[in-house]
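Protein chains in written order, with this note's numbering: chain A, 1 to 409; chain B, 410 to 773; chain C, 774 to 1070.
Read the hints as simulated data drawn from the structure, not as lab findings. Just so it is clear, the structure is predicted and the values come from calculations on it, not from any experiment. One or more hints might be untrue.
Using 30 angstroms as the maximum straight-line C-alpha spacing, the simulated DSSO-like pairs for lysine-lysine come out as follows [to be verified]: (1) A/60 <-> A/362; (2) A/350 <-> B/619; (3) C/935 <-> A/206; (4) A/374 <-> A/33; (5) A/60 <-> A/30; (6) A/206 <-> C/1057; (7) A/293 <-> A/60; (8) A/374 <-> A/394; (9) B/619 <-> A/121; (10) A/350 <-> B/708; (11) A/30 <-> B/593; (12) A/30 <-> A/337; (13) A/362 <-> A/121; (14) B/619 <-> A/33; (15) A/60 <-> B/460; (16) A/33 <-> B/460; (17) B/460 <-> A/121; (18) A/30 <-> B/763; (19) B/619 <-> B/460; (20) B/593 <-> A/33; (21) A/374 <-> B/767; (22) A/350 <-> A/293.
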Amino acid sequence: MRSKKSLFLNALLVLVVMFAFTAQAYAGGKVYKIGMSLAITGPTSDAGNPYSKGTEDYFKFVNDTKILGNDTIDCTIRDDQYKTDVTKRNFEEYLEDGIVMYLNYSTGSTLGLKRDFDEEKIAVLPASYHAGNLDGSNYIFLPIASYSDQLVILAEYVAKNNKSGKAKVALFVHPSAFGRGPVADVEKAVAAGLNIELVEVVEHGKNLDNTAMLKRLMSKGVQYVISQTIQSPVATMIKDAQRLQLSASSFGEAGKFTFLGAHYTGGNDLIALAGKAAENYFWTTGFNITSVKGAGTEAQLALAKKYGRDQKAADSHNYAAGIMVAQVVTEVIKRAKAADLDVNRANLYKMLNQMNGGNAYKPYSTSGPVSYSKTDRAGVDLLQIYSVQNGVFKKVGEPMQSEYMQKIK
Amino acid sequence: MSANTWLATGNFFTTYKQEQRTFLTSLDRTFFTFFLVILFGWPLIFELGNKNMLVIDNILIAIVAVMGLNLVTGFAGLISIGHAAFVGIGAYTLASFSRTLGDSHVLITHFWPVMIILSGVMGAVFGAIVGLPALRLKHLYLAIATLSFQMIFEWTIQFFTFFNQGQTIYIGRVAWLTGQVGRKDHYLFWYFIILTIVVLLGFGIRNIMKTRYGRSLVAVRDNDRAADAMGMNPGLTKVYAFALAGFFAGVAGALHAYVYRGVGFESFTLHESIGYLAMAIVGGLGTLNGSFWGPVAIKFLDLQVESLAEISGQYLPSGMNIATALKPLTFGLVIVLFLMFEPRGIANWWRITKSYTKLWPFRY
Amino acid sequence: MSYFFQIVVSGIVVGSIYALAALGMVLIYKSSKVLNIAHGQIIAAGAFITYFLTVTVGVPIFFSFIASMIITFFLAMSVERIFLRRLIGEPIISVIMVTIGLGSILDGLIYLTPFGSENFSFPVFLPQEPLSLGGVSISWTQLVGVIITFVLIGGFSYFFKKSTVGISMRAVSDDQFGSMSVGISVPKVFGLAWATAGLSAAAAGCIIGNITGLNFDTLHAFGIVVFPVIILGGLDSILGAVVAGIIMGLIQQFAAGYLDGNFGLKGTGDVMPYVILLIILWFKPHGLFGIHEIERV
Chain A
1 MRSKKSLFLN ALLVLVVMFA FTAQAYAGGK VYKIGMSLAI TGPTSDAGNP YSKGTEDYFK
61 FVNDTKILGN DTIDCTIRDD QYKTDVTKRN FEEYLEDGIV MYLNYSTGST LGLKRDFDEE
121 KIAVLPASYH AGNLDGSNYI FLPIASYSDQ LVILAEYVAK NNKSGKAKVA LFVHPSAFGR
181 GPVADVEKAV AAGLNIELVE VVEHGKNLDN TAMLKRLMSK GVQYVISQTI QSPVATMIKD
241 AQRLQLSASS FGEAGKFTFL GAHYTGGNDL IALAGKAAEN YFWTTGFNIT SVKGAGTEAQ
301 LALAKKYGRD QKAADSHNYA AGIMVAQVVT EVIKRAKAAD LDVNRANLYK MLNQMNGGNA
361 YKPYSTSGPV SYSKTDRAGV DLLQIYSVQN GVFKKVGEPM QSEYMQKIK
Chain B
410 MSANTWLATG NFFTTYKQEQ RTFLTSLDRT FFTFFLVILF GWPLIFELGN KNMLVIDNIL
470 IAIVAVMGLN LVTGFAGLIS IGHAAFVGIG AYTLASFSRT LGDSHVLITH FWPVMIILSG
530 VMGAVFGAIV GLPALRLKHL YLAIATLSFQ MIFEWTIQFF TFFNQGQTIY IGRVAWLTGQ
590 VGRKDHYLFW YFIILTIVVL LGFGIRNIMK TRYGRSLVAV RDNDRAADAM GMNPGLTKVY
650 AFALAGFFAG VAGALHAYVY RGVGFESFTL HESIGYLAMA IVGGLGTLNG SFWGPVAIKF
710 LDLQVESLAE ISGQYLPSGM NIATALKPLT FGLVIVLFLM FEPRGIANWW RITKSYTKLW
770 PFRY
Chain C
774 MSYFFQIVVS GIVVGSIYAL AALGMVLIYK SSKVLNIAHG QIIAAGAFIT YFLTVTVGVP
834 IFFSFIASMI ITFFLAMSVE RIFLRRLIGE PIISVIMVTI GLGSILDGLI YLTPFGSENF
894 SFPVFLPQEP LSLGGVSISW TQLVGVIITF VLIGGFSYFF KKSTVGISMR AVSDDQFGSM
954 SVGISVPKVF GLAWATAGLS AAAAGCIIGN ITGLNFDTLH AFGIVVFPVI ILGGLDSILG
1014 AVVAGIIMGL IQQFAAGYLD GNFGLKGTGD VMPYVILLII LWFKPHGLFG IHEIERV
């Protein structure tokens, strides 16, 4: 098997070169190891790819600009192709490498490895904002408020801004735990007095034509469709609505649908997929986006430019999300160092838990401060609502926190 | 019975019984015993980390599953594009117990050998059910039946709350004579267990292929009409092949659930089914040792490509795409190249090596 | 009542797109008895090539649509030439596995481009207003999709019925040895079958890509989504693919329109095809129009 042998030799050669490099580069200062496993190929790679770039670039930036002094962060990023088995293997390897914090990705693998995180007592920041991640775990920290928070905030926004009577709402969710998870929380919020009527929960498939569904919802008087899924099905749906002339031209237009959605339904990807049909789509997330200029987004674009990313990656909210987790990691390491603590798992965990009140951290990538405590393990509680105006997402109001989520907790 | 010392120079069997022996010569037996001792002994001497043990466990589980797939696809010649779903049946059998009894119920933690066998049996039952169309269907249609089973399995798991809609269902830590198996020894412990199971099942296949039940599979594969004429029932034989494969898959599923301490649907998708098929083909269809080579080769290749991709990713500017594309690319190339140039798989190389060394240095 | 008709129309529209996506698989199966698992990737590739030509190169979309069909035509032909020609006469399982490997290789190649993990959509080139007829609406995209589907399917049917090459393709599917003995080049026919399949896949990819937007996951999944269609149609019948496609489209739309939301059911549109598939396999395994091989022992 000659090809394999030469492959192996090549790998060996590169390995030697790499060792030579790393030995030079990391001379002096301590090296803190971080591990990250996410889907760069395979399902959801459209999100995972820019996410990984964000994290990679920010850690490079930290090392290049000596944010931690002479100390450096060595973050290994691996593709797990959205497979929990591979994630677990990566995680076990990172543990052996002696990582101090771990960055994870999918809902499935976060839940699958939850117990390992607790046993290893290692703080984890996943890219999945599934509320179920927090159940029975002390070491998982959501970067921003959960999908449940996001859906409830959107529902609250609907309740507040609906003009006539009780708003009739349908949920459009992914046929998996990721999609169904927040549904129960929305129902609870409604039971707790949120002034909307939840007419139907629709699970989508690979449907090429949502006419039947949209007409049915229309006949039931639904005016608002809140989505918790990925971009592609939402794009198909809003295109169909536009074709049927059922999409509202302004929020809450009578007899039309206003579409809203949680973190993974929106962003530039949605506009890329749906084109003009995305107009007037309401989206909530905890990150700043580059179409709303600000100091944060400038920094994000500068970072992307510095490391030669293309415009599409630079503008992606997933790129911002990737930066954000890297920022949080850097910040806790910085704080641990400032407090003269050893940078190890236990101390970083402690630092994360102290990140609240006056200690809350304000990274440039998020719409609000990141705060964690023993009881609150969702980072950015203030979510920003955006809507598409003239082909770009624009801010709607100020960042806010969900009222009903606190009531139903 | 004393071993036939002249076997190396030719076929000197005088009875069928002699031919059916597991070890043909005492040298064979010595070698094999020695090999087993090494397999069981090395982890006690060289301590590998958890990650490597996990990789090895994973390979061994794949070996169990591929042995089953090899029975149905290699020996019986029926394509199964839903093998991961059968593995999933095994895992979800265990998960169902975990859901109803709690994840650390004594049945799960202490009676795990029973659970593993039970999962195998469930796999066999579902195998037989999916194989039932074999009574009427042939060739491709049967393959498609397995494919639709795969699809329905995925949908079912993701739909019902009983299966936690595909989210992880936890399985507690098992107990051994020395008490609960902790995190540190977990993968090592399961290495020994799975290795034992692999050896047992390997002997199982080897022996079954010497009986009418094994030979009927091959007969039906090679010519089902002739097999029918010889008094076998091709339809039922196929159902039986699926059941047998289902048993192996179910056992693999239960092992997977125990090793990963949880069951989530991602490990049992169509993609995994294709992976198992690839392993069986690269290893060598219709051979027992192919079931060992295949998983080892594919998983090893996977790891190699991964580290290569990682290294190239570090040194190529924004080269993430190039690096990550390597994985599906090499996986596909390996399958295609094997099928084009070595359809008999690695097992064939093994055969060649063996026959070469057998008479070395006195070839004739 | 208009609700009912709307669902019927949507069903037919969706169904004919399914038929087009299934057509390529049927063509390959018809001539070489191979199930092409990599079909979804070819569909995606067709859509991406069209996008690339239209947006990056700047060719008008109509021409790039044609050009992408031509490119996939030769792409699929060369795939057949390089990978599959050697396997003529090998067991079917090897050939199916080769298509699986091929799918993986195409995955890898597509991941090399930005298309693997980014989202795009075709520029708007058709009127955005829907056509409305008595409360039943259909978009231009869908209408054009249906027309292209029927033109292509009609063309292929005619081609198979009348042209010499088409007839020789049918002959090969019937009996390879027989057709060889009357001077038909079997490898050539296989190559042509793959090429035409590639062509139809590109067309399907463009139409689906126009409806869903260009996302690799979504597009290549259609290789699997159409399985129930080709089984129902009987694997080797073009007419079967059309009828089955439309039946499946209708079933899906009616399930989504009448079952979902009632009786506590959700997402039935997606699983109904597979349930029906299993039932078909039990009771009418050779599909609606498939050839029932009679074997006597």
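Now the hints, each set against the structure:
no., hint, result
1, A/60 <-> A/362, "20 angstroms, holds"
2, A/350 <-> B/619, "63 angstroms, violated"
3, C/935 <-> A/206, "37 angstroms, violated"
4, A/374 <-> A/33, "24 angstroms, holds"
5, A/60 <-> A/30, "15 angstroms, holds"
6, A/206 <-> C/1057, "26 angstroms, holds"
7, A/293 <-> A/60, "24 angstroms, holds"
8, A/374 <-> A/394, "34 angstroms, violated"
9, B/619 <-> A/121, "52 angstroms, violated"
10, A/350 <-> B/708, "38 angstroms, violated"
11, A/30 <-> B/593, "27 angstroms, holds"
12, A/30 <-> A/337, "11 angstroms, holds"
13, A/362 <-> A/121, "25 angstroms, holds"
14, B/619 <-> A/33, "55 angstroms, violated"
15, A/60 <-> B/460, "27 angstroms, holds"
16, A/33 <-> B/460, "17 angstroms, holds"
17, B/460 <-> A/121, "18 angstroms, holds"
18, A/30 <-> B/763, "52 angstroms, violated"
19, B/619 <-> B/460, "38 angstroms, violated"
20, B/593 <-> A/33, "21 angstroms, holds"
21, A/374 <-> B/767, "67 angstroms, violated"
22, A/350 <-> A/293, "34 angstroms, violated"
Violated hints, in rising order: 2, 3, 8, 9, 10, 14, 18, 19, 21, 22; the structure is consistent with all others.
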